[in-house]
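The task is simple: from the sequences and hints, build the whole structure.
If you read the sequences in order, they're chains A and B. For the first sequence, position 3 matches number 3 in our numbering, and the numbering has no gaps at all. For the second sequence, position 107 matches number 107 in our numbering, and the numbering has no gaps at all.
Rather than coming from a laboratory, the hints here were simulated on the basis of the structure. A virtual CB, placed ideally from N, CA and C, is assigned to each residue, including glycine. Warning: the hint list may mix true and false statements.
[To be verified] Here are the computed distance ranges between Cβ atoms for each label pair:
hint: 1; chain 1: A; residue 1: V29; chain 2: B; residue 2: I42; range: 20 to 30 angstroms
hint: 2; chain 1: A; residue 1: L33; chain 2: B; residue 2: A88; range: 19 to 29 angstroms
hint: 3; chain 1: B; residue 1: I42; chain 2: A; residue 2: N126; range: 35 to 45 angstroms
hint: 4; chain 1: B; residue 1: V135; chain 2: A; residue 2: Q100; range: 17 to 27 angstroms
hint: 5; chain 1: A; residue 1: D41; chain 2: B; residue 2: V124; range: 14 to 24 angstroms
hint: 6; chain 1: A; residue 1: R96; chain 2: B; residue 2: D141; range: 51 to 61 angstroms
hint: 7; chain 1: B; residue 1: D107; chain 2: A; residue 2: G70; range: 22 to 32 angstroms
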Amino acid sequence: MAKRKTDLGTLYRGSPGQWSWIAHRVTGVAIILFLFAHVVDTAVVGWGPDAYNRVVAVYHNWFVRLLELGLVAAVLYHAINGVKIMVFDFWPGSTRYMKQLSIASTGLFLLAMVPITWIMGRDILNLSLGWNL
Amino acid sequence: MAVEAAERPPSMPPSRRTRGHGTGRERPAGGFELWSWLFMRISGVVLLFLAVGHVLIMHVFDGGVSRVNFGFVAVRWESPVWRTWDWALLVLALIHGINGLRVIVQDYVKWPSARFAVNMLFYVIGFGLFALGTVVVFTFDPSKWPGAS
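Shown next, in the form of structure tokens:
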């Protein structure tokens with residue numbers, strides 16, 4: 001029993017792989033749940049301009065645009081981390097560099113998010129605060 | 001149960017003990033779970049281009065969703081390339097995502113009938129959205145609403 005408790009105690013501390021494993025699941029679930037809604041809202045285009053324009057107006061709201069920034073981050077993280085998983089899967093020797101590859105893939109994600117946050121964040125600030133960035 | 005033929009060992013995050021060796025899920029030995037494992041990787045590579053491309057084109061560059069309305073879709077779907085892209089993205093993302101949910105459900109929902117019910121719910125939603133999306137992508141005709149775009 002004591003051993004089990006120790007296992008649980010260290011389950012999410014230590015290797016960076018533990019955090020990316022959780023993050024991969026959380027982003028994956030977030031994306032598929034959004035996709036369920038997104039297929040329906042896009043399908044409304046088949047019911048004509050009045051219906052569709054009313055639905056996409058929701059996406060023009062600044063708070064929804066903030067959630068949209070989170071969606072873009074989730075897709076990008078899931079994609080980059082997915083490549084990292086495949087590197088480990090198909091070149092098992094690369095697990096020796098697990099820590100370095102985890103830092104590299106997280107770094108690539110954060111680096112890509114800088115211009116994306118600027119581009120999307122500018123729109124969000126313009127919409128929410130009436131700025132003109 | 002008929003639907004879940006071969007049970008997959010639960011996936012574990014790499015633990016401190018296996019640091020340097022553990023890499024998440026072990027590759028399934030064979031059967032359906034190996035095909036599922038392979039599908040996730042092949043569709044993942046394709047989605048790397050389809051989904052990331054879609055997100056950058058539609059949500060980040062060139063004004064993002066602020067430019068999206070009925071007229072935008074009408075012009076975009078004049079091209080069979082975009083219709084094919086969007087349909088492939090619909091199909092692959094749904095299967096990849098719902099298979100991912102199935103893997104997660106195997107880890108967290110232990111009671112067999114509850115697991116069956118949760119999986120069935122996702123399969124039904126997935127099939128319904130596949131049918132809805134497919135019909136709209138291939139039958140959309142903006143000329144039904146003249147002057148709208």
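Hint check results:
no.	hint	result
1	V29(A) / I42(B): 20 to 30 angstroms	holds, 21 angstroms
2	L33(A) / A88(B): 19 to 29 angstroms	holds, 21 angstroms
3	I42(B) / N126(A): 35 to 45 angstroms	holds, 41 angstroms
4	V135(B) / Q100(A): 17 to 27 angstroms	violated, 48 angstroms
5	D41(A) / V124(B): 14 to 24 angstroms	holds, 19 angstroms
6	R96(A) / D141(B): 51 to 61 angstroms	holds, 56 angstroms
7	D107(B) / G70(A): 22 to 32 angstroms	holds, 24 angstroms
In summary, the structure is inconsistent with hint 4 from the numbered list given earlier, while agreeing with all the others.
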